[in-house]
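Trainee: With the hints as your guide, set chain L onto chain A.
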Amino acid sequence: MLVGGEAGAGISRSGFLFAKTCLRGGLYVFGANDYQSLIRGGHNFYTVRANNEMVYSQADTVDLLLALNKETILFHKDELVAGAGIVYDGDQIELTDEELERDDIKLYSVPLRSIVKELEGPQIMENTVALGAAIALLDYELELLNSVLRDTFKPKVAEQNIEAAKKGYNYTKENYKDKFGYELQKTDLAGKNRVFLTGNEAICLGALNAGCKFYAAYPMTPATPLLHFLAPLEKEYKMVVIQAENEIAAVNMVAGASYAGVRSMTATSGGGFCLMSEGLGMVGMTETSPVIVLVQRPGPSTGLPTYTAQGDLRFAIHASQGEFPRVLIAPGDVEESFYSTLEAFNLAEKFQIPALIISDKYLAESHGTAEPFDQNRIGIDCGKLITETEYTGEEEYKRHKFTEDGISPRAMPGTKGAIVRTNADEHNELGYTTEDPVLTTKMNDKRFKKLDALNKELENYETVKLYGPEKADATIIGWGSTKGPIREAMKLLKEEDVTVNFLQVVYLHPFPAGKVQGMLQSAKKTIVVENNKTSQLTSLIREHLLKTIDHKILKYDGRPFNPEALSKSIKEVL
Amino acid sequence: MVNLEDLKTPKTNTWCPGCGNFGILMAFKKALIELGMEREDAVLVSGIGCHGKMVNYVNINGFHGIHGRVLPLAKGIKLANPNLKVVGFAGDADQYNEGWSHFAHAIRMNVDMTLIVHDNMVLGLTTGQATSTSQQGFKSKSTPFGVIPPMLNPVAHALVSDGTFVARGFSGDMFHLKKLIVEAIKHRGFAFVDVFQPCVTFNYLNTYDWFSQRVYKLEEEGHDVTDRRKALEKTFEWGDRIPIGIFYNKERPTYYDNLPHVKGVPLTKVPAENVDITSTINEMM
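In order, the protein sequences belong to chains A and L.
Quick note on numbering: the numbering used here labels position 178 of the first sequence as 178, and the sequence is numbered without any gaps.
Here the numbering used here runs 1000 ahead of the position in the second sequence, where the first position is 1.
Same shape as in the complex, but just chain A (with noise of 0.2 angstroms):
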């Protein structure tokens, strides 16, 4: 089901209700947003894919379609299925053969100004009328929609809603007697248990969960959303949620947080992750750990600012000046946004790193289907920290003492008895400014110490990933959310007799070159997968493992990959 209209027109929303109201069901949902930057006007769409197994992505094509202009009709009419259909207001909206092209939709007309204005409504509840309209013709339950709307408005509005959906289940039931041709039906996981939410909103619960308690951030689509998630919480989970004045305060305030003792979190999107990196580095030199959120959109410079991409890889790895360890996670579902989370916080508090979690707007922004998440699966690990009782003060705390690990112990600033301070500049056990030259490379072997340690603790971690058989004519390697366009992919590509298997790298730095080697030794092809022009973890992988890659596939207009188009070039190179 595909919903468009103008911006402002509450195209989004209305897709999520119709979204929630499969879930409720019982169903599997993913839906998926297309905005563009500006505010009325323009041409927004919220796809909604439902059925009985997961699904993992949008699908390539439409089966009904719910136009709340003319526009919505003309952009996507190809897009549609033989034997789709169009809801669409017949009285505001003149349609010819000539326009449309198609002899094989149906459409159905259904009065949705008229039915508002009988009803007094906010034009905007039109929507909700079309929603209706399609659960009539999905011969769905029209009071699952009505039990979303009613969590979802205020209780006059929600009521005014219901009224809206079942004048147009009515009008559609009364009008069009024969069946559409697609049907939902309510299955057993029909309820209230499993949860629906973006990327972005996962990355906030798992930051909650983590007890992250200081969150700063400057807005910047797509990691916006972030912040609108945690803001209206800070007083329910007793943390400070500020919108500073810039990134480069925010990266700031997060680090200060840190050093303080507290769990902090920053997001942004490359423009603003620019402007971040050079408190990054600080953060990389005085051990703090806060946790960076990069939500990628296409660039160079501001781009498209409200579309896809993962061009800022290699950025990730690489950002703000000289050398020192950090680690770089790339969820590719909304589950793996949560757990990633998680880990993100104990990695940068036991090695006393920055933890940065790339994800992209497509991602973040769309909404999968997970099963509730489990709060205690990844316990609290704060690492070397030495709470206030624990301090016993025989010899003088030094902040960045030497240590078999690299890692020093971690006193709070006003621990009885302990100094504690650190230092931009290169420094000493105690903090204090160096310019030595033997205490400088002392001072850096001690900081890359903590990487081997990482990588020793990651050998624990699912740092990779393989989906498919172990044998297979082909491996996909991907990382991030092509995960749910791939996986889509390689359902097509196993109804066609092609079975490949699929490389997903969650932990790109440090790179987990043991595993993506001894995942890759037995495969027959390989193929890269990417939202970017030139193949970053292609170069990864050489980079790492000297091994080339045989095939890329890469997007860069913005979009996600759609599974019906990838599986076909998967089959063109195979």
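Cut-off 30 angstroms, straight-line C-alpha distance, at most; resulting in silico cross-link-like pairs (BS3-like, lysine-lysine):
id, chain 1, residue 1, chain 2, residue 2
1, A, Lys-416, L, Lys-1269
2, L, Lys-1263, A, Lys-384
3, L, Lys-1269, A, Lys-398
4, L, Lys-1008, A, Lys-446
5, A, Lys-416, L, Lys-1179
6, L, Lys-1186, A, Lys-238
7, L, Lys-1263, A, Lys-238
8, L, Lys-1186, A, Lys-416
9, L, Lys-1011, A, Lys-449
10, L, Lys-1008, A, Lys-401
11, L, Lys-1269, A, Lys-235
12, L, Lys-1263, A, Lys-235
13, A, Lys-442, L, Lys-1011
14, A, Lys-456, A, Lys-384
15, A, Lys-398, L, Lys-1030
16, L, Lys-1011, A, Lys-401
17, A, Lys-384, L, Lys-1011
Have a look at the derived ranges for each label pair, beta carbon to beta carbon:
id, chain 1, residue 1, chain 2, residue 2, range
18, A, Lys-401, L, Pro-1271, 17 to 27 angstroms
19, L, Pro-1253, A, Asn-246, 23 to 33 angstroms
20, L, Thr-1207, A, Asp-436, 30 to 40 angstroms
21, A, Gln-243, L, Pro-1271, 26 to 36 angstroms
I should point out that these hints are in silico values taken from the structure, not numbers from a laboratory.
All values derive from a computational prediction rather than experimental measurement.
Note that CB positions come from ideal geometry on N, CA and C, so glycine has one too.
Mentor: Chain L in isolation, oriented as in the chain A frame:
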């Protein structure tokens, strides 16, 4: 309670002989002693420049950050643990050039902390270029024909940004400066002290003598520190007479006062454990 001996560090001081920073260093140490603070209670945050070395010369908690970013760093520390007394030290280029945007925002946020700016009206550590408080016409390595634009007026800016404690000191009058710093640290809210600090190596114009001949103390002329309009007028005095002392001192609720949900228990004292997020998860079903 600290004494001078406690505050000593093993680091050799590398400021030029006669540097105005010495007056600020001593005034700060004496202020800590007068306030009866413990070494663990305070955090010294510094930026980049000659002033930045403060972290090496005072044996209390410290974070030597990066150029221009003292304020967001200090705010993060203070909001995470309001029990700490946070004192930021910045240079004039550090704060008024590189960190100018943070300046206005820290003042309006009114986080309970102190900012002391070592204002020598020149870049010292980079060997003598103009800053935004260099006087018009000031010749330096970067402005051999003289600074073209007029100088910034940080004290006036602090006032119009709704500052709650706005003062100016002179490192040539250490006892007066100490008093200002004591008042600034005691102030509940964001306290700002701009300090005239002669650079004996790179500022041939604004010397000890130059300042000594001009500065006068506001408190000796019956200035009303609660009158913002009058205070603002005073900030425009620049010439034969230049005022130092407290321009304005009037409290308003701090940023933290407006966060009742975290008041009482510093974030740093919240036990580290998995937080129950069931209620939020339920809303997403």
